[in-house]
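Undergrad: For reference, the chains in residue letters:
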Amino acid sequence: MGVITYRDALNQALRDEMERDPDVFLMGEEVGVYQGAYKVSRGLLEAFGDRRVVDTPIAELGFAGVGVGAAMAGLRPIIEFMTWNFALLAIDQVVNSAAKMYYMSGGQVPVPVVFRGPGGSALQLAAQHSQAFESWYAHIPGLKVVAPATPYDAKGLLKSSIRNNNPVVFIEGEMLYNTKGEVPEGEYTVPLGKADIKREGTDVTVVCHSKTVSVALKAAERLAEEMDVSTEVVDLRTIRPLDVDTITQSITKTNRCVIVEEGWPFCGVGAQVVDDVQRLAFDHLDAPLIRVTGADVPMPYNKHLERAAKPNPDKVIAAVRQVAYLD
Amino acid sequence: MITKVVMEALSPTMEEGRVITWHKHEGDAVSAGDIIAEVETDKAVMELQARGDGVLRKVVAGEGTTVEVGKLVAIIADADEDISGVAADGKPPSDVPTPAAATPAVPAPPTPEPAATTSRVKASPLARRMAQERNLDLQSIAGSGPGGRIVKRDLEGARPAAARAVAAGGYEDVPLNQMRKTIAKRLSQSIGPVPHFFLTTEVDMERAAEAREDLNTLGEQRISFNDIILRVIASALMRHRACNAWWMDDRIRYFGEVHMGMAVAVEDGLITPVIRNAHMKTLREIAVESRAMAERARERKLTPEEYTGATFSVSNLGMFGIDEFTAVINPPEAGIIAVGAVTEKAVMRDGELEVRRRMRLTMSCDHRVIDGATGAQFLQTVRTMLENPLAIVW
Amino acid sequence: MTESTQTATLDAAQRDFYHDLLRQMLLIRVFEEQAGAAYAQGKIGGFCHLYIGQEAVAVGAIATLAEQDTIIAAYREHGHALARGTSARSVMAELYGKLGGCSKGKGGSMHLFDASTNFLGGHGIVGSHIPLAAGTAFAARYRETDAVTVCFFGEAAVNIGAFHETLNMAALWKLPVVFICENNRYGMGTAMERASAVWNVYERACSYDMDEELVDGMDVLAVHNVVTRAVARARERGEPTLIEARTYRYMGHSMADPIHGHYRTKEELEEQKERDPIEGLRSQLVDADLLDEDGFATIRAAVEKEVQDALTFAEQDADPPPEDLYTSVYSD
Chain A
1 MGVITYRDAL NQALRDEMER DPDVFLMGEE VGVYQGAYKV SRGLLEAFGD RRVVDTPIAE
61 LGFAGVGVGA AMAGLRPIIE FMTWNFALLA IDQVVNSAAK MYYMSGGQVP VPVVFRGPGG
121 SALQLAAQHS QAFESWYAHI PGLKVVAPAT PYDAKGLLKS SIRNNNPVVF IEGEMLYNTK
181 GEVPEGEYTV PLGKADIKRE GTDVTVVCHS KTVSVALKAA ERLAEEMDVS TEVVDLRTIR
241 PLDVDTITQS ITKTNRCVIV EEGWPFCGVG AQVVDDVQRL AFDHLDAPLI RVTGADVPMP
301 YNKHLERAAK PNPDKVIAAV RQVAYLD
Chain B
328 MITKVVMEAL SPTMEEGRVI TWHKHEGDAV SAGDIIAEVE TDKAVMELQA RGDGVLRKVV
388 AGEGTTVEVG KLVAIIADAD EDISGVAADG KPPSDVPTPA AATPAVPAPP TPEPAATTSR
448 VKASPLARRM AQERNLDLQS IAGSGPGGRI VKRDLEGARP AAARAVAAGG YEDVPLNQMR
508 KTIAKRLSQS IGPVPHFFLT TEVDMERAAE AREDLNTLGE QRISFNDIIL RVIASALMRH
568 RACNAWWMDD RIRYFGEVHM GMAVAVEDGL ITPVIRNAHM KTLREIAVES RAMAERARER
628 KLTPEEYTGA TFSVSNLGMF GIDEFTAVIN PPEAGIIAVG AVTEKAVMRD GELEVRRRMR
688 LTMSCDHRVI DGATGAQFLQ TVRTMLENPL AIVW
Chain C
722 MTESTQTATL DAAQRDFYHD LLRQMLLIRV FEEQAGAAYA QGKIGGFCHL YIGQEAVAVG
782 AIATLAEQDT IIAAYREHGH ALARGTSARS VMAELYGKLG GCSKGKGGSM HLFDASTNFL
842 GGHGIVGSHI PLAAGTAFAA RYRETDAVTV CFFGEAAVNI GAFHETLNMA ALWKLPVVFI
902 CENNRYGMGT AMERASAVWN VYERACSYDM DEELVDGMDV LAVHNVVTRA VARARERGEP
962 TLIEARTYRY MGHSMADPIH GHYRTKEELE EQKERDPIEG LRSQLVDADL LDEDGFATIR
1022 AAVEKEVQDA LTFAEQDADP PPEDLYTSVY SD
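Protein chains in written order, with my numbering: chain A, 1 to 327; chain B, 328 to 721; chain C, 722 to 1053.
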């Protein structure tokens, strides 16, 4: 068990899976010679050669489609988008090709491809480079959507994603790459579709994923110390399929729920959680669910405005107090 | 067809009557001629007959309520008939007059909530489920959530609706509504932290005395007047939950059990040992326990658990020949009854001058919890039970 | 110089091969005519893009391929599936949306798939499937097989980004893929000249330093020759080729569109029909004494019988059961 960064955990997963399965290859902008725009693929070119670590032109639509085609032919491509903002150029391949192929071929042509790269906002990157698109992809049947919050989960989930026979949208937290955590050196995987309780509690359930997990944990700590409120933090880990069971089980215990996400509110991940919860746990609810989301605006550049646009522990605490009727 | 049941003039001189017992209850079918209630007139206990067929749809005057002759006490109608018109003008009649001094002027609450009986109860889905599972009536629970929404915490500790009035065990915290808050604030400003008022009644103890003498001939355990009084008050409190309560600043805690404080004079002061679950104990058990407690108090052997946690208290100075006094409430309790001496007095009974053993009770009430009429009804029950000591075995 | 065989001498030893090309083109022609009739009767739904007039491109090109090769086509792909050997029954049943269809009734006219022949669709977004072909070619190179991918698309797809991104990568990475642009002159109702700054599609290859070919798409033997060369380049040297096959569609863009409407004239249509690929090969064979009237009638009768059988099969086949709605969304 070593303490490594989220970035290196992902690197380990890539390395492990490429060693394990010769059909796995990595393709994307700057993944090889440059060692990865965010250094996730550091050292892989040297280890596996340019047949399996493929630098591409800046052509997201094109190389995403190459990945889908290679998967249709039976390989297991990992397509890296430098960020998910740029992947919008490729969304036709993700949605119209990857997600649909198995179904519209009547089950003949699976597409075992992983699309991965950083999502969400970083610091002062402004509107076009600060977007959380989990809910966009989670909307699409045929796709799986994964968004790990910790180095441990990042490694285990990426390995599961690569081994999965379906197209997986794997959204890494740009701000999480440098975060550290314990990661076993040996083989392990984290199953897709299984949420994780990152902190147990009894008064309020906070549902979150990716970067907002740390926001929720900070809020939970202060709620416990300063307000004697016991918060259960549920990290979704996989957005689609959504682990509704873990969420509703937690709410059955706490009767209250706050959902935190970096994305915009309209049709967001939280909107889906709210729908599931009101349907499946209605009689356990003691308060309406409250969502803490990114502000419903394009991300501003100014530092203070940007801070105001993102979820933070104060906003989560305020929401928790509201559902717990503490105000 | 709607038949109004009014207080009838059951004696030539009767101006008002007090409903003692309802033989029929809301929802019971009644036929003309059925005895539906017993009413105490100025002379005797008389029977009130139904004057029409149908269902006893609404009891306007509850047991113990005094109603002027001619005023509505109940409504008989067909099961599905609309009685809202009749019910509306059938406002509950005034109760026993409350001492004027005990009713400081209270400003009307700012904006009274609309009648809760007709408006939808706002409750969280969880609260609704809890209420259903535990047979709680949401109508009777005050909501502490936004807009009066009943939420989980409002139901924690609440007891089943059917059993509430005499429920054993537990308590229910009821958050203060606007009116209660205003009353509390104004009264505290006026009279001090605990705004007392006092109610006094004189009880005919003749039958209680006879009962006591009979019991004491059994020779097993001497029963004192005080034992009888403690036992009666405990029973009465179970029927008047509003008086068995604590003032807790932001809410009132209503108890479903009676822990009776019993003031005992000791050498250099006063202590109030507590008889736990007094409402569940026989007269004999109370007699044994109160003796033991008093003794331990004088010997200063009481543990803190034995002199804390009372829900109501009784102070008796009768043995000192005190006819009547007022006791000071022991917070957070909301009431205390001061018991005077049982003395022989000449009283008029059925037009004859008689010598009867009489006793005066004075109840001190925390007006933030107990209003004049509430206290008076309770005290009336105490008096009725003492005057009919068999009531103890109800 | 457009590759054409109209004046070339035929090789008598290839008689059966020529007959097979003729048979395949006739099969497609008759199949599409009957599909159009079934569509008109409401038995086929959705969009239905008929291939009538363009048969020589699919037949000539696919005849060059080996078993391990992959075909990826757009949404006017009934002919390509048939030429690849997917049965008329399973293609017609797919158009009917029936369980016995090659995509189990879930794809329809635009999404024919037959993994058993490496026929990988059937794609409905113009140009979107072109990168997929580079992907399957990438996989062949990655696995060091000699499989080639042939990708069919219309001339209207060459102005979309995916076309350029893909040709660039295919040339850059030397992928074994043959891009065949079936230039039928119209992207729906917009003439090539009104949509493209450069009117010769094959010239686009120059931008990517890629081999190019221009071929008469109504001449099945010419198509066969050109694609044979391109497949060999791909298979032997891993070099992609862009082929422009000039052809013509006789029907409207889809069954829901007019046959000529405002964008082309009846006269133009009639003039183009003079180049008919089936009649062209038939007369070449007759002229070379490699086919007589009876021989042609025999081929035609066999093809009509096959299509009739396909229609009967599709009519009688079962709809997918309701539970199929939720199957094949995810693979295990």
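Simulated from the structure, these hints should not be mistaken for laboratory data.
Since we're looking at a predicted model, the values are computed, not measured.
Note that CB positions come from ideal geometry on N, CA and C, so glycine has one too.
Hints are not guaranteed to be accurate.
What the hints assert, rightly or not - Interface residues of chain B toward chain A, partial, derived using beta-carbon atoms under 8 Å:
# : residue
1 : Ala454
2 : Ile468
3 : Gly472
4 : Ile598
Undergrad: None of the hints should be skipped; say for each whether it holds.
TA: Hint by hint, here is what the structure shows:
1. At its closest, the beta carbon of B:Ala454 sits 7 Å from a beta carbon of chain A; the interface hint therefore holds under the 8 Å criterion.
2. Interface restraint check: B:Ile468 against chain A, minimum CB-CB distance 14 Å, threshold 8 Å, status violated.
3. Among the interface hints, the one on B:Gly472 holds; its C-beta lies about 5 Å from the nearest C-beta in chain A, closer than the 8 Å criterion.
4. For B:Ile598, the suggested interface contact is broken, since its CB lies about 35 Å from the closest CB of chain A, more than 8 Å.
When the structure is compared with the earlier hints, violations turn up for hints 2, 4 and for no others.
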